[in-house]
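Peer 1: Each protein sequence line maps, in turn, to chains Z and G.
For the first sequence, the working numbering begins at 1 and goes up steadily by one.
For the second sequence, the working numbering begins at 1 and goes up steadily by one.
In short, the hints are calculated from the structure, not lab data.
Among the hints, a few may not be true.
[Unchecked claim] Over the 12 Å line for every Cβ pair with chain Z, so calculated as not near, a few chain G residues:
hint: 1; residue: R112
hint: 2; residue: E167
hint: 3; residue: D194
[Unchecked claim] Cut-off 30 Å, straight-line C-alpha distance, at most; resulting in silico cross-link-like pairs (DSBU-like, lysine-lysine):
hint: 4; chain 1: G; residue 1: K42; chain 2: G; residue 2: K18
hint: 5; chain 1: G; residue 1: K302; chain 2: G; residue 2: K169
hint: 6; chain 1: G; residue 1: K42; chain 2: Z; residue 2: K37
hint: 7; chain 1: G; residue 1: K87; chain 2: G; residue 2: K182
hint: 8; chain 1: Z; residue 1: K37; chain 2: G; residue 2: K87
hint: 9; chain 1: Z; residue 1: K37; chain 2: Z; residue 2: K57
hint: 10; chain 1: G; residue 1: K169; chain 2: G; residue 2: K182
hint: 11; chain 1: G; residue 1: K34; chain 2: Z; residue 2: K57
hint: 12; chain 1: G; residue 1: K254; chain 2: G; residue 2: K243
hint: 13; chain 1: G; residue 1: K243; chain 2: Z; residue 2: K57
hint: 14; chain 1: G; residue 1: K87; chain 2: G; residue 2: K169
hint: 15; chain 1: G; residue 1: K254; chain 2: G; residue 2: K169
Ideal Cβ placement from N, Cα and C applies to all residues, glycine included.
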Amino acid sequence: MTSREVDLHEPAWNQAELLDRVDNDRELVRELLAIFKEDFPRTIGSLEAAVSSGDLKNSGSLSHTLKGMLSNLGGARAAAAAASLEDVACAGEIAALRGAYDALEREAGRLLPELDAYMAEVRR
Amino acid sequence: MRILIADDEALSRRMLEKALERAGYEVTSVENGKQALEHLCKPDGPRLALLDWVMPELDGPGVCRAVRTRSEQTYIYMVLLTSKGSKEETVLGLESGADDYLTKPFNAEELRARLRVGERILLLEDRLVEARENMRFRATHDPLTSLLNRGAIMDLLGRELHRSQREQKSTAILLGDVDHFKRVNDTLGHVVGDEVLGEIANRLLASVRSYDFVGRYGGEEFLVVLNGCDPPYAPGRAEAIRKSVSNRPIQTAKGALALTMSFGVLLSADWGPRPVEELLHEVDIALYQAKDAGRDCLRMAKPDAKTEAPQAALPQPARRAR
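Here chain G stands alone, though its shape is the one from the complex (with noise of 0.2 Å):
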């Protein structure tokens, strides 16, 4: 494990050197409190800290509380190391946010023991911040294609059309449905049917920008959400995605399976601010249109489209068939 040793003391910091190095600490020194925060202020910086009280620069003290300002980083297991030993100078540098105070002449075996306590708080933390991140992907992420779920894909893209509209840029939603997936599941079966969704989200992933997002929109929809997308390039980049499902078979258990997507496609340009309930309506009755032009195609949705077939005139989406 790595480790900072900060001490403006040549002997002091040999003898924090050696005790450390004997115990496998992989050791970096410096002879001032501002180098001992540039070091731990580092992205990947040592995560255990022997801090002297008294340094240039910046004191001991002084770098527990400049480490504490951070909140977005790792937990840093911070120890003061000083001559001052009295109560009031103890609690000042627990308050500056030491996590543990020694006091010098330190004795080797005890510090050790004092890093291999820090050392288990640090491991208790990554296993928390694991835990939290295994939540939070399980909180947002669909459990059997493993892309964003309904809910977090709604999210995203309702913060990329108000980005979008700050930035005057548009944004383009594209909702897919893979034809007669019904077929599939009733002929051959739920864990085919499975094997089907989890190989077209591949390669939807694979056909977008590592900046575009995709979900699983519902059971054989999936929402594909592309930033930035200037309105004369959307039909072509659409239509790619849409080619990626239908250009060769998906291999499954029971054989290949040669399957085509429909999709409906807006463009945010083309509608200005509206709610995102709205847009994904009338992309949906786009879709519906796809369907209804034979499949294997998209559809774009535009606003003046709707005057020449009224929404009221088309079918549900729940009720019409995929």
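So here's chain Z without its partners, still in its complex pose (with noise of 0.2 Å):
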């Protein structure tokens, strides 16, 4: 067994630890929802390819680097998501590909609306 617990406590998206770690800076976090809605659907496009061909090399990358992402952005329950797909990947669990992909894009359907809230609501 190599994919990781998600915690179901833990919120889709923590902007409270966000704002801790990057100091308050409101408008930082403006401009980090900006890189990550731009970075985040290529890289998730590329991943459901890799997943698709079950290609275990660049499934293991493209799910590291959006673990990264997502964490860096206090999307914690995704980035947990991502690690699973990660371990399956390394781990060379082909069958269990499929499955931890779509953990990871059930949560990041939790987490893209929650940032989309945000987005519009300080552009008022």
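Using the supplied hints, reconstruct the complex from the two chains, each of which is provided in its own coordinate frame.
Peer 2: Now the structure itself:
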């Protein structure tokens, strides 16, 4: 068993934790979200293609990149799902690849609306 | 202070940039390990580095290993920053040459605190290097004139003679002595004598090229080594060096003093491979001949001149009048 536990009590996006780590710089948070909104779809798209083709090497490296990106942004649950996928890929468990990817996609599906809501709020 | 950030992920890079700019660092960011290594290997490159573990081209531990293989440059304090977190990976990172290790997601305050540790280490290194350089200077230079001391100039002369022999060039050795220097000390005191020696050192240094050497050989004796000196030009250059002292008076606290120097001059090409001590003995004899000829002049040490004036017939240098 290589997958990691996703803490269900953890919020999809821990905004307070992120603000604490960036010295409460809300302008920087907006900038980081903009970078994320640009990089995330591209990276997860490449990851999906790697998983579909059973490419363990790229599945591992792209999920590692997403893990860093998500944890930096305060998306601990999605980061944990990305870590599970990385573990699966590194362990060569090709049969578990799709399931781990789907879990990541679900967590990303919870996170993205929260980020969008924050962006919409700060634009007002 | 300048710091290098190497991270292939834009979001992480921006967070780091902001956290460090806020702390007053001058930040350079790159996207892969190869670029990081290029920056860190520059002679004036940053001495603090934050390196992501997983990067294209060359990973963080690879950068650390490559940096640590260079021994000639100043120390670079490197922190590995990664989402890897196991003990084995920590050990691997530190053994690659990293000084510290920080796990993502990082906290800006903790990051800055860890970098302050790095700054303290670098400051300590700077102080040690400065102390070592001071000790090296003191061990190789004369405290009065700041010229190379006898041991250092002898070492350099030995090396230059080997090199000129290897490259089939000629090294000129000039041994100079201040004429009637004892009178200065006896009549005007040692403080004025020291002033005279300091000014003569300055003039000798100013009269040679940047790659020649000047050293204080003894009390009022100076040794000048002219590298790659073509034999036909040697007497003229030696004469110019001698005149740099006699052409104008030396200003001292007790007035201007018109002083001269006598020189013995030897060209290594005239003598072939000989031990340094032997060549110095020969140039010392030539210096004596200059003194004997009335001072304020130079004499060349020539192998054929030895047959005309056998060494045994010359007074011992230690006993001659200066």
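Peer 1: Determine for every hint whether it applies to the structure shown.
Peer 2: Results for each hint:
In this structure R112 of chain G is not separated from chain Z by more than 12 Å, as the shortest Cβ-Cβ distance comes to only about 10 Å. At roughly 55 Å, the least C-beta separation between E167 of chain G and chain Z is larger than 12 Å, which holds for a residue marked as non-interface. Non-interface call for D194 of chain G relative to chain Z: holds, since the shortest CB-CB distance, roughly 60 Å, exceeds 12 Å. Annotation: proposed proximity of K42 of chain G to K18 of chain G holds, straight-line Cα distance about 24 Å (limit 30 Å).
With a CA separation close to 17 Å, the supplied pair K302 of chain G and K169 of chain G stays within the 30 Å bound. Of the pairs offered as hints, the one joining K42 of chain G and K37 of chain Z is violated, with about 36 Å between alpha carbons and a cut-off of 30 Å exceeded. Simply put, K87 of chain G and K182 of chain G have alpha-carbon atoms about 74 Å apart, too far for the 30 Å limit, and the pair is violated. Restraint check for K37 of chain Z and K87 of chain G: not satisfied, since their Cα atoms lie roughly 33 Å apart, outside the 30 Å limit.
With a C-alpha separation of about 25 Å, the suggested pair K37 of chain Z and K57 of chain Z falls inside the 30 Å cut-off, and the hint holds. Between K169 of chain G and K182 of chain G the alpha-carbon distance is near 37 Å, which puts this suggested pair outside the 30 Å criterion. Of the supplied pair hints, the one linking K34 of chain G and K57 of chain Z holds, its CA atoms being roughly 21 Å apart against a limit of 30 Å. The straight-line distance between the Cα atoms of K254 of chain G and K243 of chain G is roughly 23 Å, inside the 30 Å bound, and the hint therefore holds.
With a CA separation close to 77 Å, the supplied pair K243 of chain G and K57 of chain Z exceeds the 30 Å bound. Distance hint between K87 of chain G and K169 of chain G is unfulfilled; the C-alpha atoms sit about 61 Å from each other, more than 30 Å. The hinted pair formed by K254 of chain G and K169 of chain G fails the criterion: a straight-line CA distance of about 45 Å is larger than 30 Å.
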